[in-house]
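So the protein sequences, as listed, match chains A and B.
All the letters of the first sequence, read from the start, carry residue numbers 339 to 504 under the working numbering.
All the letters of the second sequence, read from the start, carry residue numbers 386 to 625 under the working numbering.
Just so you know, these hints were derived from the structure itself, not from any lab.
There may be inaccurate statements among the hints.
To be verified - Think about it this way: if two alpha-carbon atoms lie no more than 30 Å apart in a straight line, the pair counts; the simulated DSSO-like pairs of lysine-lysine are:
id, chain 1, residue 1, chain 2, residue 2
1, A, K448, A, K366
2, A, K448, A, K468
3, A, K366, B, K441
4, B, K441, A, K448
5, B, K441, A, K468
6, A, K366, A, K468
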Amino acid sequence: MDAFEAELIGLLPRLRAFALGLALDSAKADDLVQAGCERALTHRSQWQTGTRLDSWMFRILRNLWIDQVRSAGRRDEVDESALEEWPSMTWTSSTEAALTLEQVMQHLAKLPVDMRTVLVAVCVEDLSYKEAAELLDVPIGTVMSRLARARMALHKMMGDPHGAIH
Amino acid sequence: MAQFTDEQLMAFADGEAPGALAQELRDALCGDAALRARLAIFEESRRVLRRVFNAKRAEPVPDRLMAAFGSAVQPAPRAAGRGWRNSHLALAASALAAVALSVGYFAGDRSESTLLPSAHFLTAALEGTASGDPFVEAREAGRQELVPIRTVRLQDGSWCREFRFAEVLARTVNKVHGLACRGSQGGWSMRALLPSSALPRAGADGAYRPASGVDAFSDLGPTESVDAAREATLIANGWR
């Protein structure tokens, strides 16, 4: 095993969490990480030494996931305009602490995949807005607008104990 | 009264607001409960997502994900109930010759894991902290601490630092011993993981004592050591 593989193995816990934000299901997320590692090992010559392997892997995972969604003919893309329609609910700290993984996944499922990507990239992985923009190949303004709307939508959904769209 | 957009409040919550906006917001937040409530929305979503996803990151990596690295893995002796640890140990054994890996990741008990520090945290900690001093950041559910151990200059002129890192969460402790180097844009990023057994012990005079048989920087080519005085100057001058 060489340094590339060692670094990749070190990233696995983070890649699994990132993939969960895309796939919203633990088994599918691990399938995605597995496919991502295989692709990375096959195409390792495309990775430039000295650049960040984590960002490169996040991009691979995101592209693989979007390919999968498209080839399955699924319409993963939630209509962004629907996000504004949820009623605002009261958010309390007890609501926040009681949220389970499953509930958060149910809420995230109502967001388009690129909103979920940017949420996990910034809020979990601590990527800067600029790094998230590079990951998604969009301007920083687009990252900020998606991120703000995703977090407002999450706030409204999490305040609702049933997470239902009204 | 100034009106702030959701995006401006979010950028402030995320530490991405430009200085003038940040100052304006700090002033406005003091006397404006409604504005504080809007800001809290963004702080809370980050907190919830981190809590949920950090729990995922703390899980042991399943065996099947290691299959992609099959060519490098020796057949692992498997004892009942200890499967993933043993296969990792076998893999670690084959890895040590090529690159030193964190022993904690492979051999630690289930309450330990190796999550690398984020590039943001690395940069915040390594850019301005002298070797031997801890850089601590309180988190929602614990804290992260990084102590730089020593600084060297590579032949290409770039700066690298050996460090130890610990992330203490509610039920897990995550320890990393590693090397990070400063990129041309000023950010610090991981270059290598090192076995925790290779952590140097400081001598009575505070000088660096390499662990026996291990040179943390050996994979990076010839290096030039940087003493405390020069390191202080580098930190003061933004590594120029």
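Do the hints match the structure? See the list:
This hinted pair checks out: K448 (chain A) and K366 (chain A) have alpha carbons roughly 17 Å apart, not beyond 30 Å. Taking the CA atoms of K448 (chain A) and K468 (chain A), the gap is near 25 Å; set against the 30 Å cutoff, the hint holds. Of the pairs offered as hints, the one joining K366 (chain A) and K441 (chain B) holds, with about 14 Å between alpha carbons and a cut-off of 30 Å not exceeded. About 20 Å separates the Cα atoms of K441 (chain B) and K448 (chain A), which keeps this hinted pair within 30 Å; it holds.
Distance restraint check for K441 (chain B) and K468 (chain A): the Cα-Cα separation of roughly 25 Å lies within the 30 Å cut-off, and the hinted pair is therefore satisfied. Of the supplied pair hints, the one linking K366 (chain A) and K468 (chain A) holds, its CA atoms being roughly 28 Å apart against a limit of 30 Å.
In terms of the numbered hints stated before, the structure departs from none.
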